[in-house]
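J.: Each chain, letter by letter, is given below.
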Amino acid sequence: MEVLLFGIAKDIVGQTLYSLGDSVDGPNSVLELKQHMVQQFPEFGKLSSLAIAVNSEYAADDVSLKQGDEIAIIPPVSGG
Amino acid sequence: MHEERYNRQLILKDFGPEAQQKLTDAKVLVVGAGGLGVPVLTYLNAMGVGTLGVVDNDVVALSNLHRQVLYNESDVGMLKVKAAIRALSSQNKTTRFHGYETFLAKENALEIIADYDLVIDATDNFPTRYLINDACVLLKKPFVYGALHGFEGQVSVFNYQDGPTYRCLYPTMPKADEVPNCNEHGVLGIIPGIVGNFQALEAVKVLTGVGQVLSGRLLLYNGLDAVFQKIKFSQNPENKLRTELETNYDFECEVPIQSIAPADFLVLNETTQLQIIDVRTLAEYEVGHLENSLHIPLANLSSRTAEIDQHVPAYFLCQSGVRSQKAIVLLQELMPTSQFIDISGGMNKLQVVIR
Numbered sequence: 000m001e002v003l004l005f006g007i008a009k010d011i012v013g014q015t016l017y018s019l020g021d022s023v024d025g026p027n028s029v030l031e032l033k034q035h036m037v038q039q040f041p042e043f044g045k046l047s048s049l050a051i052a053v054n055s056e057y058a059a060d061d062v063s064l065k066q067g068d069e070i071a072i073i074p075p076v077s078g079g
Numbered sequence: 000m001h002e003e004r005y006n007r008q009l010i011l012k013d014f015g016p017e018a019q020q021k022l023t024d025a026k027v028l029v030v031g032a033g034g035l036g037v038p039v040l041t042y043l044n045a046m047g048v049g050t051l052g053v054v055d056n057d058v059v060a061l062s063n064l065h066r067q068v069l070y071n072e073s074d075v076g077m078l079k080v081k082a083a084i085r086a087l088s089s090q091n092k093t094t095r096f097h098g099y100e101t102f103l104a105k106e107n108a109l110e111i112i113a114d115y116d117l118v119i120d121a122t123d124n125f126p127t128r129y130l131i132n133d134a135c136v137l138l139k140k141p142f143v144y145g146a147l148h149g150f151e152g153q154v155s156v157f158n159y160q161d162g163p164t165y166r167c168l169y170p171t172m173p174k175a176d177e178v179p180n181c182n183e184h185g186v187l188g189i190i191p192g193i194v195g196n197f198q199a200l201e202a203v204k205v206l207t208g209v210g211q212v213l214s215g216r217l218l219l220y221n222g223l224d225a226v227f228q229k230i231k232f233s234q235n236p237e238n239k240l241r242t243e244l245e246t247n248y249d250f251e252c253e254v255p256i257q258s259i260a261p262a263d264f265l266v267l268n269e270t271t272q273l274q275i276i277d278v279r280t281l282a283e284y285e286v287g288h289l290e291n292s293l294h295i296p297l298a299n300l301s302s303r304t305a306e307i308d309q310h311v312p313a314y315f316l317c318q319s320g321v322r323s324q325k326a327i328v329l330l331q332e333l334m335p336t337s338q339f340i341d342i343s344g345g346m347n348k349l350q351v352v353i354r
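Just so you know, the sequences run in chain order A and B. For the first sequence, numbering that gives the first Met the number 0 gives the first residue as 0, with consecutive numbering after it. For the second sequence, numbering that gives the first Met the number 0 gives the first residue as 0, with consecutive numbering after it.
With the rest of the complex left out, here is chain B:
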């Protein structure tokens, strides 16, 4: 431990050398290196958490920089895990970093999480949030949850000792078209910064035993009114009895969605004239798009179905692969006889393959 470096924490009443040592010994896994993950990683690294794992498979986009303040303009196009660990290493060279250039999935979640004391849910989608919950219940690991919507944020610590889980608050995963994410809904840069910093603070409390952990309480923050509220909730014991992961964490669809891997799609796109529908927002589309794609934002899709040629397969594209699935779910109802194919992982994956 570096006495000078952590001096202000070492002299802090109710914290001190014992708590600092616990941070040094701790291994924390941060799932997602985006709006929430960046503040969590930055502060846990600065405060002296000894081992940090980072899971992400996105690349840094120009539209990330207003909120993901660890990244620079020169990082655009680079894998977030690489850019984050490079920046964090120069911030604190004593930290041990483990980068996982993958998205957390059913196949790797238990293996990755098993090595850590605490998990931070800094993701941006429901399937991964439910996967983290279930994996942490199975492995008996606490996790710090943070999520946001517009100017509002939610924070809680789940599965902490005998405390409740994410499923005690929200038992079933929402369907694909229920709740929008930041890419569609927009977000003010500082809001994930505030929510992520609360997550980092809760992580310190869990690791050191200092203070009251936000377990069994959901913290709600409204940035527009500067109002905080805490909602008390209790455990549903059934949610602790899980013996295995769910068989599937994809958005539930009545009709299965056909998909194509990014590399296969690029090969096909070289040789064939494809109908490609890009469902991202205009702002995202203008930053960069495939030349032969038709732009119909998800929000306008149901009123613009006439523009889609129903006699040839339509390939759906978005930024990360979530909205393209939502689009297909929506269209399968409106155009039941047409063939729709999801380009897995969206532009993020295509950019990785192209590089």
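Next up, chain A with everything else stripped away, as it sits in the complex:
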């Protein structure tokens, strides 16, 4: 599974695409994805509002993830 990164999420990871690999114990839900990102990149822990999109649709924490899903992390941006 691959995750598209926007805004500060891209800056934290240092690239626009983050691969979760194909392992079976990868994150199975949006909540688990968020926890995974915090574990791998502690700076995610301080972001209080983080929108996750699955297949181009905003996804709440309980939405489950499966192979082939298009996932995007879209933090709020403030610049103008």
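Among the hints, a few may not be true.
[What the hints assert, rightly or not] Computed cross-link-like contacts, DSS-like style, restricted to lysine-lysine with a CA-CA straight-line distance of at most 25 Å: (1) K26(B) with K239(B); (2) K65(A) with K231(B); (3) K140(B) with K231(B); (4) K140(B) with K26(B); (5) K21(B) with K105(B); (6) K174(B) with K45(A); (7) K92(B) with K81(B); (8) K33(A) with K229(B); (9) K33(A) with K174(B); (10) K229(B) with K140(B); (11) K239(B) with K229(B); (12) K21(B) with K204(B); (13) K33(A) with K65(A); (14) K229(B) with K65(A); (15) K81(B) with K26(B); (16) K231(B) with K33(A).
To be clear, the hints were calculated from the coordinates, so they are not data collected in a lab.
For this one, chain A is given, so just place chain B on it according to the hints.
T.: Same frame as chain A, but now just chain B:
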């Protein structure tokens, strides 16, 4: 309506005289006359929106000119509201302009917004974005949102008819140190131009009913890859039930931040030897700074705390007053016994007072 002036819109299939009349009758409030506000104002004014309100309290800085293309070198130091309305008036003398030389705040938001059909969020900070959202929900006004980060932009129309709000996408306001703004992060001149032009187009659609309004969809644009994406999202009905504004829209801080008004600070600085820390970037600092200030960019602050004398109060200064607050939030943790004071509104306000 001037038939010749708007001829190409009048003859445009799916637009025509009816849509043009709706623009003439419309009253649009643009909050922020910076990177986003400039393209929004320029095009809405050119296309024939009858009444434009402009809210801003910044002055034009030399470092604005690469993206805020309405302003000239001779405007540097002038209030943006004044410079913008002067330029826009010569672009289209039939438009009615209302300038508000203030920042949008809890105290004035409802009163200012009430007079308009549509609001454009062209601000550069989270507190004002959340304030615009909440005020528009209370007054049942749609607003066109635009924001950017580096080479990326976001656009959406919130609170349009039964559509979702900004809080449906991002329920709670980020804390002060979470996400940087353009002053710290940098921005390529044309990116706000692109995002602001999308906002102007959405404004026209809302006002005239032409096309599909970008409601319930977040448009994401990546300028480096030339990629657009649309994310669908829906309304959380609770966000529409608001009955009043929040009590406070400042960045949430566990310990309250002590602040000083620019005029009071200048008086104090004349008579007293103060410890002033300027947390702007080197480029901003080199453009102009207070002579007796110590320069420690916000990005280096946590590793350079030893340079701050913890036994005397430290006055924090940045461009608009956001980063100085972030600096204090950060230092209150690292140096809990020291006294830190925020110079409200930063260099922008000091320059207004000095003039």
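J.: Give a verdict on every hint.
T.: Checked hints:
1. K26(B) with K239(B): holds (23 Å)
2. K65(A) with K231(B): The hint holds at about 19 Å.
3. K140(B) with K231(B): The given pair, whose Cα atoms are some 21 Å apart, holds under the 25 Å limit.
4. K140(B) with K26(B): holds (12 Å)
5. K21(B) with K105(B): violated (30 Å)
6. K174(B) with K45(A): OK: K174(B) and K45(A) at ~9 Å, within 25 Å.
7. K92(B) with K81(B): holds (15 Å)
8. K33(A) with K229(B): holds (21 Å)
9. K33(A) with K174(B): Holds, at about 18 Å.
10. K229(B) with K140(B): This hinted pair holds, its Cα atoms lying about 23 Å apart.
11. K239(B) with K229(B): holds (23 Å)
12. K21(B) with K204(B): It holds: about 10 Å lies between the C-alpha atoms, which stays within 25 Å.
13. K33(A) with K65(A): Holds, at about 15 Å.
14. K229(B) with K65(A): This hinted pair holds, its Cα atoms lying about 21 Å apart.
15. K81(B) with K26(B): holds (19 Å)
16. K231(B) with K33(A): Cα-Cα ~20 Å, so holds.
In summary, the one numbered hint that this structure violates is 5.
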